[in-house]
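*Asks:* So you can see what is in the structure, the chains are spelled out below.
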Amino acid sequence: MGMREAGKAATAPESVTTESRLARAVLIALAVLFLAIFLILPVLVVFSEALAKGFSFYLTTFKDADAQAAIRLTLIVAAIAVPLNTLFGIAASWAIAKFEFPGKSLLTTLIDLPFSISPVISGMIYVLLFGAQGYFGPWLTAHGVQIIFALPGIVLATVFVTFPFVARELIPLMQEQGSADEEAALTLGASGFQAFLTITLPNIAWGLLYGVLLCNARAMGEFGAVSVVSGHISGLTNTIPLQVELLYNDYNFAAAFAMASLLTLLALVTLAAKTLLEMRYGDSLATSSRL
Amino acid sequence: MRIRVVDIAKDFGRTGALRGANLDIRDSELIALLGPSGSGKTTLLRVIAGLEIPKSGKVFFDDHDATAVPVQQRRIGFVFQNYALFKHMTVIDNIAYGLRVLPGAQRPSKTLIRNRAEELLKLVQLSGLGKRYPRQLSGGQQQRVALARALAVEPRVLLLDEPFGALDAKVRKDLRRWLRELHDCTGHTTVFVTHDQDEALELADRVAILNLGKVEQVGKPDEVYDNPGSAFVMSFVGDTSSLPVEFDGTRLLHEGQPLNATFGAVRGGRCRLYVRPRDIVLSVPGADRLPATIVSIHRTAAGRRAQIAVGRAATIIEAEIDIAAEITSGEPIGLSFAKGRVFPE
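Line by line, the protein sequences give chains A and B. The first sequence begins at 1 in this note's numbering and counts up by one. The second sequence begins at 1001 in this note's numbering and counts up by one.
Extracted from the complex, chain A is given alone in its bound form:
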């Protein structure tokens, strides 16, 4: 009986939705090859180039004042942009998912705007607005405020580019969940704010966390928009990606890859954190998105 069944399984697919063994092997091999060439190889190259001149050289790269300034600036920009976009994202998705109002589809489209235009253009918008020759430039200069080629400009450009991440993650989640839970909380006497804190936030926690992780990775890694508004002043307005470009253009490859390895590490840590969280809390994550 057992023998016969085993024999059957070897010759025919176990179910109608299963391909033959050969087809499966070919498809899997293709997928693995693709992943190796386009994802795994580049990551390995970054680290091997970074360590090409030895581990002590790798460490010296980070002792450089300009490198440290770039790291510091990147952290500051992310520390401002990510919380802001978390707030904006929650507010926007709350409004879009739970309420009906005129202009709702316009707002949804606007949220997607940063995804659909080139980051370079995002940067140039701010130069046009706040640059020395821009619309508000003369007024800002007269009042001693510098936005372009300074921290405020970099923060603005980063906020703009990373705006959709949290909202995009939350809108479908909140729409799927509907408002019944919140309504239940209200009938039980909770205020709107209590319902938000005790019901809405826990319901969206995993989506929110994922959105924040993605937003953070992009905020630290953004090149195009920041490149336009920063002015590339080494040690002052260079973020990690800009510093990488500077070092690379100076033929300082090992140092460039050393800096790049920081961003790569960030990406890996983000990925690992996400995977760990999903493994640890996968059950409640699945429940909260399915129910």
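Hints listed in this document are in silico derivations from the structure and should not be mistaken for laboratory results. Quick reminder that beta carbons are idealized off the backbone N, C-alpha and C, glycines included.
Here are the simulated lysine-lysine pairs, DSS-like style, with alpha carbons at most 27 Å apart:
id	chain 1	residue 1	chain 2	residue 2
1	B	1339	B	1220
2	B	1110	B	1087
3	B	1220	B	1170
4	B	1087	B	1170
5	A	98	B	1055
6	A	53	A	63
7	B	1087	A	274
8	B	1122	B	1110
9	B	1055	A	104
10	B	1173	B	1220
11	B	1220	B	1058
12	B	1087	A	98
Ranges of calculated distance between the beta carbons of each label pair, as one might list FRET restraints:
id	chain 1	residue 1	chain 2	residue 2	range
13	A	99	B	1303	45 to 55 Å
14	B	1065	A	100	21 to 31 Å
15	A	180	B	1286	57 to 67 Å
16	A	108	B	1246	58 to 68 Å
17	B	1081	A	106	25 to 35 Å
18	B	1060	A	180	24 to 34 Å
19	A	274	B	1007	49 to 59 Å
20	B	1081	A	193	19 to 29 Å
21	A	100	B	1064	25 to 35 Å
Starting from the structure of chain A, add chain B where the hints point.
*Replies:* For chain B alone, kept in the frame of chain A given last:
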């Protein structure tokens, strides 16, 4: 608590709108809002709860105008169709929620809240399941948790939206009986929405039948079943067949053939006769009976039903026939009606 709903209108631009709904709900009664989907029954329940703001009309709780009172202050208990249990909280935390969100001065101590929640858990016969999460419970158990959660805030009225809709037939029947017992021992004014007439007739003290955004008739189950005020109520509450008839002032005729009674017809002209399956009397063809033919016969749990084609137009009606009756399909028969109601077409 007594609830009065006066001339409520609510327009969504989708189905379920209300167009001048009126309803008096008596203190401590168990009343069903019965109607087809889109009739506005859920909307009416949500207006009473304060989850929907009506465009016009008023809601009175006893003698106070509650129309503008926010949902939190209405002291209602609402059980949602899919229960809306908080997935990230245990059963006991779900039940205690209403007490935990009370403002500091009114909030009982932690031990009191816990004791009260345990008490309610016992009331809904789920003692020992307090530490589970909603997803670890069956549908019927979730339903009872939702009820306990609603009862925790000591509501003045209990509102239930399709309370048994998502449950299978057996659980549904048990829960119905249990809800009836619970109502009789706690004495809450209870309003529940349903589209199932059996459920409404079996469970409720009174039934309000909604159609097209209005309350069409309110009455005890016997009243709405035996004395329907409109063709809609008659056909929605219980099985009904109908025949086109004409009233010439003294007699009721179907295709020129007089019927054995007038069934309360008053206005002349074209109208329709509505009859229940059990009120159709089958016999051999005769002068005072409508000519008809048996089309098919099928078995139901309680007896047998026959599809009968009546007259030249072969209008199909459904009659209940005796299990023992020797009738076969294709057989010509004569029809008369023990009871029926005539409504204008």
